Amino acid sequence: MSSSMSETFAAVDLGSNSFHMVVARFEDGQVRIIDRLKDMVRIASGLDSNNNLTEDATARALESLRQFGQRIREVPRTNVKAVGTNTLRLAHNGNDFIRRARVALGHNIHIISGQEEARLVFIGVAHSFYNHEDSTLVIDIGGGSTELVIGKGFQPEVAESLYMGCVNVSQRFFADGSISGRRMRDAILFARTELETIEAGYRRIGWDVVLGSSGTIRAIADIAVAQGWSEEGVTRDAVEILRKRLVSAGHHDKLYLEGLTDRRKPVFAGGVAILSAIIEALELEHIQVSDGALREGIIYELVGRRQNQDIRESTVADIALRYGVDREQANKVATAAETLFDQVRKRWRFDDADRNALLWSAQLHEIGLGIAHAQYHRHGAYLLSYSDMPGFSRQEQQNLSLLVRAHRRKFPVLEFDQAAPDNREKVLRLAILLRLACVLNRSRSYVSPPEIKAAANTSSLSLKFPEDWLANHALTRADLEIEAEYLEAVEFNLKFG
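Residue 498 is where the sequence shown ends in the numbering used here, and the numbering goes up by one at each step.
Simulated from the structure, these hints should not be mistaken for laboratory data.
Be careful, since some hints might not be right.
Claimed, not checked - Straight-line distance between alpha carbons at most 20 Å, and here's what the computed PhoX-like set of lysine-lysine pairs gives:
1) Lys496 - Lys411
2) Lys266 - Lys347
3) Lys245 - Lys255
4) Lys39 - Lys266
5) Lys454 - Lys465
6) Lys347 - Lys427
7) Lys266 - Lys245
8) Lys454 - Lys496
9) Lys496 - Lys465
10) Lys427 - Lys411
11) Lys255 - Lys266
12) Lys255 - Lys347
Said to hold, decoys possible - Label pairs and their in silico Cβ distance ranges:
13) Lys465 - Gln310: 33 to 41 Å
14) Lys465 - Arg443: 14 to 22 Å
15) Arg445 - Asp57: 21 to 29 Å
16) Tyr131 - Thr262: 23 to 31 Å
From a predicted model like this one, the values you see are computed outputs, not experimental measurements.
Glycine included, every Cβ here is placed at the ideal spot set by N, Cα and C.
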């Protein structure tokens, strides 16, 4: 691998309206965008009445991802991240799509929460704006959701993701392409109801600058400038004029505006309605347009991880502090787990992401004690399933939850059987290592466990202790015997001596 390619990064954004890919190179401490690809796949319109992605929508998406995959074939795998947003959060058959999409793209697809999407959008916009002094309101109207974030520098302070986007609002109010004054008013009223719970709080916090990102706001800004309604960006007056032009046209096929592409026309009215509602709710006069968006945020996040600036570390530390975790015990369990991990890594085909998952689960395995001692592993799993965890995708968060759920007592076979088949075996093995690390440190002694040699096979693990150690530690031997019985439930053989 060449040194130049080792510093190349790629971000893939599987948005509800468009798929985007950005390829960037990190040189001399700076991120330089070297390629952009965009495909208006519009998968949000491919959700049927049961929220399943249709085969036609899936086929369009997979073909787009195959093309993206060809472009990034030479980029190091650890430097690529692909994320799915609102439509894939909603799709009931999302796991099946992700499995097929991974093959098409050649990389894993991470489904992120609305809060995580908002955070990454803000990071992408903040890096493109270069203003660290002013408080900034960032607005991103996507195909299936709209993100509104207030922050300063690169740090978001409040972030919301609302279930309204240019595709789903257009489908709801302008499905046949007709645009009337009544339909536009109804669409704006719907968007206002979505904004109702946040508008007072946002106005109270306040901001100095308003920035819009992504396709809808950019398209509106391009039209406003081309028509002479605005000198730069988007103004309240320009949006009002545009809204009247849409109603006057009467149908999206009759919209003829410089800067508006034929492919955007079917979802344009919904986007205009959402922006109109935001302007009304937050009393905005002018919105500047940013070059940054979600995909740029992903790039900067990837670069940060390469430089040991991983927000997930801070997230884990914050959660541990919030629930009063015994840091000394957590560190002992993490050390024991890592020692076992290093010995079986090659045989079980673990990678650095697996190491992170194991160590983070060790740091968090006792957070449920902050709720109650009884069944605390279940409480901990619940907290990890439903907490906002900046930096984590849904899959990563659920893996942590599953590891914490499985770290003690009877093995939760049913939960593992419900996990994605291609993920089950790896997480199960990580759970076994975490369980053993907990067993070895169950006494919470100040004395570290002995040096143990571990040898793994497909469905077995052998632990070799120093001579006479187990004979002198009868409780640990008894714990290991019980653990061996527990692991029989997943057809795993634990041997020790």
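Now for the hints, and whether the structure bears them out:
no., hint, result
1, Lys496 - Lys411, "holds, 18 Å"
2, Lys266 - Lys347, "violated, 53 Å"
3, Lys245 - Lys255, "holds, 13 Å"
4, Lys39 - Lys266, "holds, 17 Å"
5, Lys454 - Lys465, "holds, 5 Å"
6, Lys347 - Lys427, "holds, 13 Å"
7, Lys266 - Lys245, "holds, 15 Å"
8, Lys454 - Lys496, "holds, 12 Å"
9, Lys496 - Lys465, "holds, 9 Å"
10, Lys427 - Lys411, "holds, 19 Å"
11, Lys255 - Lys266, "holds, 9 Å"
12, Lys255 - Lys347, "violated, 62 Å"
13, Lys465 - Gln310: 33 to 41 Å, "holds, 39 Å"
14, Lys465 - Arg443: 14 to 22 Å, "holds, 20 Å"
15, Arg445 - Asp57: 21 to 29 Å, "violated, 58 Å"
16, Tyr131 - Thr262: 23 to 31 Å, "holds, 29 Å"
Violated hints, in rising order: 2, 12, 15; the structure is consistent with all others.
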